[in-house]
Structure formats: structure tokens, C-alpha cells
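Chain by chain, the residues run as shown.
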Amino acid sequence: MSTSVAVGRGAAESWRALRKPLLITGVVVLVGLIVLVFSVASTSGPFSPDSTERDGARALANLLKKHGVNVQGTERLDNATEPGAGKALLIGPNGSLDRDDWQRIKAAGWSHLILIRPGARELDALAPGVKTAGPVLSLASREPDCDLSAAVKAGNVTAGGTTYSAPAGAKACYGDGINHTVIRIESGGQIVDVVGTSRSFTNSELADDGNAALALNLIGTHQELTWYLPQWESSGADDEGSDGPPLVPPDIRYIGWALAFAVLVVAVWRGRRLGPVVMERLPVIVHAAETTEGRARLYRRARAHDRAAAALRESALAQLHKAHGIPRRAEPSAVVATLAARTGWDPNTLYEALYGMPPQDDAALLHLSDVLDVLTQEVRHP
Amino acid sequence: MVLTGRAGLLAGLGVVFVALVMPSWSGVGVVIGVVFLVCLVDLLLAGSPRRLQLSREGDTAVRLGEPAAVNLLVTNPGRRIRGLLRDAWPPSAGVQDPPHKLDLPNGERRRLTTHLVPTRRGDRHADRVTIRSIGPLGFAGRQGGHQVPWTVRALPPFNSRKHLPSRLARLRELDGRTALMVRGQGTEFDSLRDYVPGDDVRSIDWRATARRGNVVLRTWRPERDRQVAIVIDSGRMSAGRVGDAPRLDHAMDAALLLAALATRAGDRVSLLACDSAVRADVRRPAPEDVLPSFVNALANVDAELVQTDFRVVVSQVLERLGQRSLIVLLTGLDPAVIEESLLPVIGPLLKRHVIVLASVADPRLTELEATRSDLIEVYNAASAARTRLDRDRVTAVLTRAGVTVVDENPDQIAPALADTYLALKKAGRL
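The listed protein sequences correspond, in order, to chains B and D.
When you read off a place in the first sequence, starting at 1, and then add 157, the result is the number in the working numbering.
When you read off a place in the second sequence, starting at 1, and then add 26, the result is the number in the working numbering.
Next comes chain B alone, as it looks inside the complex (with noise of 0.2 angstroms):
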């Protein structure tokens, strides 16, 4: 009789054991959680006003809250759409929205929106009349040549990139003549420049010429300033040209979690081992033959027909001596002088199969083997 002991953890045990590293792992959890709450951005990308990088545009934002205006970055729409009386928005350069999204911006009535590098369906719907031109305008630093006060208090710019043809009526600064990259309209008390430049207010940027002046002057008119960043999204679900039955059914997604869930349980169920696996010591097996058969193969390798031959040799020898009771230390023509009695074979040819030379080729050996064979054999079976 033998009585037994319990393996493993009951549940209180594995409570216990597993309530610090639960409460540690909780806590690191946690931790991470408020960090990354309240250290990380709410906007990322060029011309972000929290990115540090070269295309980032943290200088400006700084910059703008030191001549004490709020800037609020976001890159939610909901944001945009916000009523903005007497307030400006800043709208970034990339990203797309759709025309819906652009009228319910302009349909929030800002005070000021600054268009940074917009692309045709922005500036149809925020500024009418202004127009992508076609020449890309290479960076360096320009002249105002415009009656803007902004831009000529600001002199000198290091301006280039997007331009833009200005409608009548408008003032278009930094250009080359016929297209511009600062372009301000006024209509109805609301006050919209369209920059082509984006280069010029980036991290980069900023500290050259009168890049800060202009951008102070351009954007820092009014107190709030909210700086849109718009993504690759639209709140609309069909745009132009997605209508018809959709090809999956929208359902399809509950269905394969419910389906997820069910391969988990599945998995649970033939998952677990009805105990562990017992390992057990092996022990190692080797034929005996293993050395002899070795031999053979280095033998074969090294193509040694002569000691082949000698080993065949000698064991027929060893054999016929046995069976006909010839003295092992006799003279090789006796012995074979007795066998050519006993058995009828030429003593020539039981000379040279018993003592002749070793064989040089394949061939030969194998014919010698021949001949031992039978010779031994005919002792065996007389």
C-alpha cells in the first residue's frame, strides 16, 4: 500500500500565488496608461502643431501661445464643425474630406480660416474663385509685392510650392507674377487665406527671414485658433459611385466573432492533456555487426581488392584445413597438392585461388570469390 499526494495548485493556493504578480502587472498597466494619456499628442504628422520633426510645426504653436493666442490641435472633424464666430481655423495640408464635410466647415462660420495648401474640392467650397495654378513654385526667399499688411510688415519670405491664381479683388502675395502662394479674401466679415507654402512655417522653416512675422501676422488674429489636421476619412458612407448591394453582408462580421469564440472553446476542450507527457530514459542501441559492416565500407572506399582478398583468403584456408585435417603450419604446395586429391581441381588453379597474387580490380576479386566459394562449399557438401 501506498497513499497518495496532490500535485500541483488548488485554486486558493493559485489565488494566492498568482495575486502579486496579477496586482504588479495591474499597476504597470495602469501606470502606462495614465502616461500615455497624458503625455501623448493629440495630433501627429507634417505640419502637426506637437511634431518636432523638420515638417512638424511645434515652433509655430509655440510661438502663437506666446503672443497669447490658444491654439488647440485636433484631428477630429467634429472639432472643425464647431460654431466658430469670432474665432480661426487652421486647416492642415494633407488628408481629404468630402464635399459634405467641406460645406458643413463652411456652414460652422468661422471668423478666420487659413487654408494651408488646399487642394481643388477645399478651395471650391472655402474660397471661391481661387484656383490651383499649374507651376510649382521653387523655394526662396520673395518679396511681398502686394499691398497685404501682414505680408509686407513681414518683408522678405523664404516662400515657394503650391500656387495659386487669385480671383479679382483678392490680395495674392509672393508669387512670380501671375500665381501666388498667399492669397487672403474677405467676404461678409469672414476673412480666408489660402497658403501654398506650407514649407515656409514648419520647424525647419521658421526662424528664416520673415517666416515667423508673416505667420504670426496671417494666423494670429484672433484668441482661439483651432488647428485641423484632416484624415483620409469622411463621415459620409457612400461617396460618388459605391452604391448598390455591398458585396459582403453586414452581419457577416458578428457572425465570425461568435464563430472566433467558438474555435476558442473548441481549442480549450482538445487542447488540454489528460495529465503531462512521462519522459523516460532511452537506452541506446548499437547492432553489433555495426563495426564489421563499417570495415566492409573502408574497404570498399579505399578499394583494398588485397586485404579483401587476403581476409577471403584466409578464412577458406582456415575452413578447408578444418575439413580435410591438413596441419595448419603445412607448406602451400601440400596443401594444395592434397585438395587437388581430395577434390579433382587443377592444383594450378587451387594455387592461384589459395596463394595466388592479390587480385587488382573489381572484377578479380569478385571472381576470386567466387572460386573460394565453391571450393568451400564442395568441403561442405561433398
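By construction, these hints were calculated from the structure, which means they are not laboratory data.
There is no bait here: all hints are sound.
Label-pair ranges, simulated between beta-carbon atoms:
1) D:K127 <-> B:V164: 14 to 24 angstroms
2) D:P131 <-> B:R427: 25 to 35 angstroms
3) D:G59 <-> B:V185: 22 to 32 angstroms
4) D:P361 <-> B:V443: 14 to 24 angstroms
Please read these numbers as outputs of a predicted model, since none were measured by experiment.
Using N, Cα and C, we set each Cβ at its ideal position, and we do this for glycine too.
Following the hints, put chain D in place on chain B, whose structure we already have.
Quick look at chain D alone, frame taken from chain B:
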């Protein structure tokens, strides 16, 4: 925690439910919640496998190749337990049963029998007993393990015991216990008795006849109470496989037959298994205890992949044996090993004792030497011939030194060794 197929089925039905009834996040939530709840309830209602009390009884030793049964007594002091019980053993213990089904109400006890047919010699220790207790709903359960130690020793099979009756008959002839009265059987003087017509006249003791006045006959009996030391080499030469078992196993078989025979003949047998260190050592057990103690000692001996140190062997044997004895050395006939390590140190033994060296020959070599149809086989035959010639040479060297060599195929080694023993006894060389 374990789940069952029912839980999987429930989750599968959940997919259908989501697809047909509630294709929404709340539908998925309902399915997950229901599965979790059912499994949790089942888990909490399942009996605790850890609280079971287990104990074992049954066989502790079995001859290799024969079945053994080990019983597991399971007592349940807690809630009813339904589920599976796996009694795990190492693979070579040869467990025959699938996991046991268990249905154990509170306070009851069950006896579960595990049948083993070990496939290798040696001790087999029971591993963990794992119990899976499924809850009353059959969706989930608990799993726990118990360590219930037990050891089944697989003893050497002693297949050669079939040769024992014939050898014992020959021994009885030697002993004079048979009706035959042949003089010269055995060499030890036993007693004097009166002449009966028909006795061999050459056995008449004339001196005693003169003293007594009537014809007196000397009787003889074979030598008794001789020492037989069986030494098994458990080094690398015994590791090689001949047929389907290592040389060591064939050697053990031969040793057991010899031990059984010598014990019946009245000799004292001792056993030593040795390579670079002593692996098994049985010194002069009581006659009725010889076989049990030998098989027990040999059960856990395995061939080590080291060169046998014959100096250790010789010194161990010398230390054990006082009087003139028969030393049977079961090893391999490897010319290099015999010439370089055995012959230089065997001198002190040869001076006082009779030495028999028994070696298991490999039938594969004969086979290799006989088949010569193509070049590869001719080279194999040449190599096998060389091996055999080397063995013959070293056999001759040993015979010249005074060692009796027995070199036989695996199925013949045990009877051949027994015959050699009988021949030595008959010749009075012990």
C-alpha cells in the same frame, strides 16, 4: 479547468444564434456570456479531484514480457466525482488500459486496475495520476493530479529455463542419483560400502577389503560446495545488439541458467556485474535464494558505454574468492580489448582458479560471410571473415593461456555454458 465537447457545441450553436436571431454585438455578448456562465456554474459544482485519497496495491515484480496488474484504490470524501482518471506510467511500462472512467459518489471507494506489460528490463516508477472531474451539466470540469508512488520491477525473462530440466537430468546422472552405477562419475571420495555383484571391479578398495575381510567398494560423488563466480561485463562490449536484445541480456540469461544448475549441483554461486564500477553484486546467497536475488540484482543493470576495466574485475573477484573456484566471465570476444586489457591482468586469477570466458557470437556475421552476390557483399564477407579470424585467433590465445572459451549464438549460449560447466564438473576440474 477543462471544457468538454458540449461547451464546444454550445458555442457552435451560439454562432447559429448570432447568424439567425441576433446579428449584433449584443448577440455575440449574449453567446459569450451564456457559455461563460454555464461553464462557471459547472466548474463550481464539479467535485474536487485534489481531495480524493488514492493508494496502490498489487504486483511489484514481473518477468519481462509477462503481464502485471497494479490496483489503484480511489476514495472520495467529498462531492460526487464523474469523469476520467489516467494512471500514467513511462512508455516502456507498457500500460494496456485507456484512461479509466470514474463515477464516484460521496464516501465510496473504487478499485481501478492498470495492466502493464513492460517492454524493457528494470524498475518502472508510476508517474502522476491525473483526475478530470466533470461538473453535473457536463460542460466544464476540474483537473488535478496525485503522486501515488509505486514501482514495478521488470525482471530478466530467464528464457533459457526451458533448458534446465535436461541439464538437471545430466547432473543427476553425474551425481549417481540415477540408477546407473558408472565409476568415474565425479572425483570426490564419498564412502565405502559392501560389494554387490554387478559393481565395477575397478572401484574395489583392496586395502579396505584386506582390513575388513569382505570385499569393499569405494563410492564416488561429484565435487560439491565449490565456488562459482559469475562475472557479467556490463561495459560497452555488452551494449551491442545481437538479434533483438543486447549482448548483456543474453549473458544474463546464460548466467541465470548456470546459477540454477550450479545451485542444484551443490555449488555456491556468486554474481558480479561490473564495468568501470560494480553494478550488481550478490555474494554467496543461500541456495533457495540464488535465483530471486540474482534476477533482482540484474533487473536494473544496463550496459554502460564505457570500456570495462578488467583490473577492477580481477581485484573484485580475488577479494571474494578464497578457495579454488570456477570463474565464468561473460563478455565480448573483441580481440583488441581481450589482448590489451584482459590478458595482461588475468594472470593472478589463472594461477588459482578455473576460468571460462563465454561470449555471445553474432549470427549476422555468419550471414554476411555467406552471401557474396555483388561487390558490396563481397567486401562485407571479407570484413566478416576478418572479424571471425580475429576472434578465432584470440580464442586460440585464450585457450593456450588456460581459459575455456564458449563462443555461441544467442540462442545457444546458455545451454552451451551449462554443458561446459557439466563437462568441467565431470572431469573433476572444479
